[in-house]
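Each chain, written out:
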Amino acid sequence: MNNEEAKFILQGYRPNGADAADATFCAAIEQTKTDPLLGEWFAKQQAFDAAVSAKLAQVTPPAGLRAAILAGGRVTEGGKARVRWWNQPMWMAAAAGVAVLLTAGVALWPRQAVAFDEFAFEDAKLSMIHGHGDHGASTNALQWTLSQPVTKLGQNLPVDFANLRNTGCRKIKYQGHDVLEICFNRNGEWFHCYIARSTDFPSLARNAGLAIVDKGGAAIASWANNEQIVVVVSQAGRKSLEALL
Amino acid sequence: MSSEMFTQLVDAHYTPLYRFALSLTKSPSDAGDLTQQTFFIWAKQGHALREEGKAKSWLFTTLYREFLRIRRRSDRVTALEDLGPVEADPPAPEVDLVTGMDASLVVEALQEVDETYRVPLTLFYMQDMAYKEIAEMLEVPIGTVMSRLSRGKAQLRSALARKEAGARDKVVPFQNPSARKQS
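Residue numbers (the working numbering), protein chains in the order written: chain B, 40 to 284; chain G, 332 to 514.
I should point out that these hints are in silico values taken from the structure, not numbers from a laboratory. Backbone N, C-alpha and C fix where the C-beta goes; we use that ideal spot for every residue, glycine too. Heads up, some of the hints might be wrong.
Partner residues aside, some chain G positions facing chain B, computed with beta carbon under 7 Å [said to hold, decoys possible]:
| hint | residue |
| --- | --- |
| 1 | Gln339 |
| 2 | Tyr345 |
| 3 | Ala423 |
| 4 | Leu469 |
With a straight-line Cα cutoff of 30 Å, these simulated DSSO-like cross-link-like pairs (lysine-lysine) come out [to be verified]:
| hint | chain 1 | residue 1 | chain 2 | residue 2 |
| --- | --- | --- | --- | --- |
| 5 | B | Lys278 | G | Lys375 |
| 6 | G | Lys494 | G | Lys375 |
| 7 | G | Lys385 | G | Lys375 |
| 8 | G | Lys387 | B | Lys191 |
| 9 | B | Lys191 | G | Lys375 |
| 10 | B | Lys191 | G | Lys385 |
| 11 | B | Lys83 | G | Lys357 |
Only some residues are given here: those of chain G computed to face chain B with a beta carbon under 7 Å [said to hold, decoys possible]:
| hint | residue |
| --- | --- |
| 12 | Met336 |
| 13 | Val341 |
| 14 | Thr356 |
| 15 | Ser358 |
| 16 | Gly363 |
| 17 | Phe371 |
| 18 | Trp389 |
| 19 | Thr392 |
| 20 | Tyr395 |
| 21 | Leu399 |
| 22 | Pro424 |
| 23 | Thr447 |
| 24 | Val471 |
| 25 | Met477 |
| 26 | Gly497 |
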């Protein structure tokens, strides 16, 4: 092995000595001990590499990143747990029974929900940029969560309604109650998400299943449960919405 | 995976992952997003990983793939062959060039290295991965990693020298009117 070859290999030798036992480097390391010029070069290279490593180690993540990751992980884990719950045959059978009993009630949902859908659709049409500014850390965190490909819509969203409302999230009035609006971007398309509390709209049927309707080139998805009523409006059509579910 | 284990995993890896992401994206906010996205994917899929010891490699590989996936939509791909040969006899770098420099400037210099070389170079300087692990992660032969490290270090030296020269140029000469009168 000549010195050029030794230098080529030694540039992969980490300055913390973690590669000391790696046979690939042994011959080149030995050569640095017998060749003073190579030895000097290697010492300087190691000192340089150690200095760069030390500088890189001074980079610290922004405050709040850890908390955001942990919160996001809990939301995602929670989402998986719900799926497993639904998949249990006992609960599926019970849900089917309840569905039969609630047929009459569910039948009311489309007419009333359409009104909320219409409201959301009209609001989304008013401005294509509202909600895209800074509306507080909680809104930004939810906006980020919604924008992630791993976040599946059509189920309960990780929303602290009161916190969002009080920390700057855009809110609009519908039938005298606050509705939160968060815009988010997914796959290059903007979506408008409207969230209302189920307790504010007792006349709307709860636990309504997911529904998607087309409207003038746009598409509207809606679903509800005991906690929240959610409507998502997309100007990019049905396929863009279906990709989120 | 339990919440406690997830917390331990985050605590063990989120800082080096962020540093790696910062080197890739050159933007603190994008680096934060990419790091979060990586742990989101872990929360969805990583629990299926049978060997916990491979979590680190899994996370770094996932982060890198996510970066490539996002970038692929809007960016170009550099032709490696156009970037010149490996230095036959690289000079010994001057350590003083780095030690006297602010960490942010060193990171900026690292970010000026071509992405093809920057990825293995950053992983090398983070010292968490051996060249064999880097080769496995990037799915390239070991020799390719070595040559990319060599080229990357050459580019880094040049970038650091530019930074140092730029910093020198910014130094405002001391001008003391009274001292000038006396002379």
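Tested hints:
1. Gln339: This hint is violated: G:Gln339 lies away from chain B, its Cβ roughly 11 Å from the closest one there, beyond 7 Å.
2. Tyr345: Status holds, d = 6 Å.
3. Ala423: Hint holds; G:Ala423 Cβ to chain B Cβ min 4 Å, cut 7 Å.
4. Leu469: violated, 13 Å
5. B:Lys278 / G:Lys375: Holds - the C-alpha atoms of G:Lys375 and B:Lys278 are around 24 Å apart, at most 30 Å.
6. G:Lys494 / G:Lys375: Answer violated: G:Lys494 to G:Lys375 is near 42 Å, above 30 Å.
7. G:Lys385 / G:Lys375: holds, 17 Å
8. G:Lys387 / B:Lys191: Roughly 26 Å separates the two Cα atoms, so the pair holds.
9. B:Lys191 / G:Lys375: holds, 11 Å
10. B:Lys191 / G:Lys385: holds, 27 Å
11. B:Lys83 / G:Lys357: Measuring from Cα to Cα gives roughly 28 Å; hence the hint holds.
12. Met336: violated, 10 Å
13. Val341: holds, 5 Å
14. Thr356: violated, 13 Å
15. Ser358: violated, 11 Å
16. Gly363: holds, 5 Å
17. Phe371: holds, 5 Å
18. Trp389: violated, 15 Å
19. Thr392: Hint violated; G:Thr392 Cβ to chain B Cβ min 17 Å, cut 7 Å.
20. Tyr395: Violated: closest Cβ of chain B sits about 17 Å from G:Tyr395, beyond 7 Å.
21. Leu399: violated, 15 Å
22. Pro424: Given a least distance of 4 Å, the restraint on G:Pro424 holds.
23. Thr447: violated, 16 Å
24. Val471: violated, 13 Å
25. Met477: holds, 5 Å
26. Gly497: violated, 17 Å
Comparing the model with each earlier hint shows violations of hints 1, 4, 6, 12, 14, 15, 18, 19, 20, 21, 23, 24 and 26; every other hint is respected.
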